[in-house]
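Novice: The residues making up each chain are set out below.
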Amino acid sequence: MSARHDSILNHARSRWLWISLTLSLAAIVAYALHSPSVPPNGGTWLGYTLGSIAGLLIIWLMLFGLRKRSYSGSSSLRGWLSAHIYLGTTLILLALLHAGFQAGWNLHTFFLLLMLLVIFSGFFGVYCYLRYPTLMTRNRDSTTRNAMLEEIGELDQNALALADGIDPKVHGVVLRSIQNTRLGGGVLTQLRAHDDSDAALTGIRAALEAREKTSQAASGAKSGQTIFAMVDFLASGTNDRQAEALRKLIDLLSRKKALASKVARDIQYQALMEIWLYFHVPLSFATVAALIAHVVSVFFYW
Amino acid sequence: MRWLIRRVIKQGKGAVSYEEDVHFGDVLSIGRAADQAIFLSDIRAALNHARVTSLGPGRYKVESLILSGIRVNGELTYETDVAAGAVLEIASNRITLLDPPRDFEAAVEIGALDKAEQEAVKAKRAKPTSLKQTWLGKRLPSWILFVAVLLFGLLLPAASHFLPALGKALHHSPLPSTAAWNPGPLDAAHRFFGDDCKQCHATPFLTVRDTACTTCHTRMAAHADPARFNLPQLGEARCASCHQDHLGLAGMVNTQESLCSTCHTDLKTRTANASQLDDATDFGRHHPQFRVRLPAWQADGGFAPQLTRLSEGLKENSGLKFDHALHLKPELNSPKGRRNLQCSTCHQPDAGGLAMKPVDFESMCHDCHTLGFDTFAPDRQVPHAKVAEVVYMLDDYYAKRALEGGYTEASAPGFVQQRRRPGEAALSQQETVEALSWARNKSRQVADSLFTGRACVTCHAVSRDAAAANTPGSGWKIAPVRVAGIWYGEARFTHAKHSTMQCKDCHNAEASASATDLLIPGIDNCRQCHAGESGGSKVASTCIACHRYHQSTSLQLKQL
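Just so you know, the protein sequences line up as chains X and P, in that order.
Residues in the first sequence are numbered from 1 upward in steps of one, following the numbering used here.
Residues in the second sequence are numbered from 303 upward in steps of one, following the numbering used here.
Treat each hint with caution, since some may be false.
[What the hints assert, rightly or not] One side of the interface only, derived from the structure: several residues of chain P facing chain X at Cβ under 7 Å: (1) H325; (2) G327; (3) F341; (4) I345; (5) L369; (6) L433; (7) T436; (8) P485; (9) Q501; (10) L549; (11) T557; (12) H686; (13) A690.
Just so you know, these hints were derived from the structure itself, not from any lab.
Where is the CB? At the ideal position from N, CA and C, for every residue including glycine.
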């Protein structure tokens, strides 16, 4: 047996892929053989048949939301999701054949568009589910978000202690850096992986290296900018012990910065994995409403 | 200036004690340095962290001395003026600015945050780290969208069906009305009332009734008498069974074969012999030989064609004698020289293109077939008219000749042969009687010879009443004639649609020497080009290519 990973797409030897392909093929063959005297539409026997199948399929697809919340199902949730994806995709074909590829400026085409929006947002979800868990695991590097957060806290404490031994000015800078490190935030912040930790750190290091090379104080540095303040301080002939501590501090802050970026990325991946559902789910309910409206209106004016 | 500095010291189990201190100075410094008025030991406090200046009783100015700012009443700030009651948070300390008690100009209270409080503050400041903690939600948008779609997609249009005023209002607004339910463009003829769905869809959840159609289509013929032919049991035949709208210009007339063939099988038994029609399900494969309307006449002369199944050697009786083969020979000898006759010389389509115009003697035959009757007057001809007209004309002609004189035929009396000069005396009464008597005999003889030998019988069947057989010039009858007409009574054949064909492709006239040859082709001839619904390479011709569904001549749909 191959040790192939059982994913949502190839669950149970791609059982649902084959079922969906069979269903699609059957629908296509029926559509090709069916030759109504009028242009193909939802009102022929095949139209009613495909429409009924598609309608029931929509209701079944909606039940996934219930299945997801219940932990007592006999079949695996992964199997359900696999079926949800493949049969949901088949729905595009069934709906188009049901309509005989007709479209117009009416409720029925609106229903079709809504349904397509739901399905395509689902496609994005599939993409996310296949891509981000791996990236997330790789990003976390066998630790957890809480562990990272705790480590950041510890680093903050250590950095403060170290900074205190150097100079109050440096202490202030570190304090500000801690305060500015805010992980998470609004929807856009989460999606953009933006952490507010002191982005100047890399700048400090670069400036420090540059200073060491030239060992020449640049009078142009503006005192208001903390990076330069720190580097100025370093360059202005302090003793070796302090310089050593300052370098150590920069290492600490760099480590912290890396961790904060990881946490921010972790939050981003999680947000990306979830964001599409905020479209998929409400739109799917709109689709159900449109399904009801479609069916009732069609028979209202039979 | 005197400051009261009160430290709150927690002693476990909720017990609290206070330690009061006095500070002199305008400014209260806060920090971790040893020289600060308020000394904080927390590493998160800077050496010189902040400065509080009293601006008067109960009013303070708070300044941050570090870049990260200071949190006053939960808000980060660098410098702010506050009233008593403001709370400064520095590291794990809470510093409350108070109204100064008596003997003091300013007062602060310093307390440490315990672990639970620190956690709460931390949690309060923490930003959301998952979308669930943000304003985004699924439940509310789901409900909103669900209700909105149902409202605008279903409920509002449905309400406009029941409330015409609402429907009218919706129609003039961008909101969806029942028009939003229209699944496709209407047939062109129905568009003028297409805004009003109720014109056809009168009752919700019921299919369109036939009465909706016959409201306008008042004169539409029925198919057959439903009572006589047991139609309801043969199958559903609503208008909409064949006529589906909302399919644009293509859908209105259903041409499918099965619409007819499902009923037109075994009709004889299924209608209890009411219908004698043969089965027909597909023109190419299963369709009886045609029946043609053979010309026939009732005793009183009324035209009564006989519907007869085409068969090998079937003869027709057009009432004429005619040799097609002879007339179609090239270089035909005619009084005006050599002529080549075409089919169209005699057979001209009528204006509708459906059938041919009747053959016309004067314009088509007369050039060659003259109707002369008297060698002494070769230019005179009898009219191509009724027997009586011909006889009258002859009577008149010979009477005139007899009275004028100069008719030199040997059988005529002398005074008839004699040419009368001007001024000569008129015939006597006796002579007049004799002359007229001769003229009458002469005209009747000529008539007899015209009807029996010379002219009429060339083309017509002439008979004579037995009773009048001995009376010269009377009792002659010309058989009625029908050459062009509607031959296929139950189908609509039109020459107009076959104008690309040649006549001889269907009518074998060149080989026909007798007018009794039936030149109307049968089904095999049509099947050379036409087949049924799945025609392959042939012209796919379903039933209504030739037949009409609404064919009853006596019954209208509205009467059913």
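Novice: Give a verdict on every hint.
Specialist: Hints, verified against the model:
1. H325: violated, 22 Å
2. G327: violated, 21 Å
3. F341: violated, 14 Å
4. I345: Hint holds; I345(P) Cβ to chain X Cβ min 5 Å, cut 7 Å.
5. L369: Holds - the Cβ of L369(P) comes within 7 Å of chain X, reaching about 5 Å at its closest.
6. L433: Status holds, d = 5 Å.
7. T436: Result: holds, 5 Å to nearest chain X Cβ.
8. P485: holds, 6 Å
9. Q501: It is violated, given that the least Cβ distance between Q501(P) and chain X is near 11 Å, above 7 Å.
10. L549: holds, 5 Å
11. T557: It holds, given that the least Cβ distance between T557(P) and chain X is near 6 Å, below 7 Å.
12. H686: At 53 Å from the nearest chain X Cβ, H686(P) fails the 7 Å test, so the hint is violated.
13. A690: Violated. Min distance 59 Å.
The earlier numbered hints that this structure contradicts are 1, 2, 3, 9, 12, 13.
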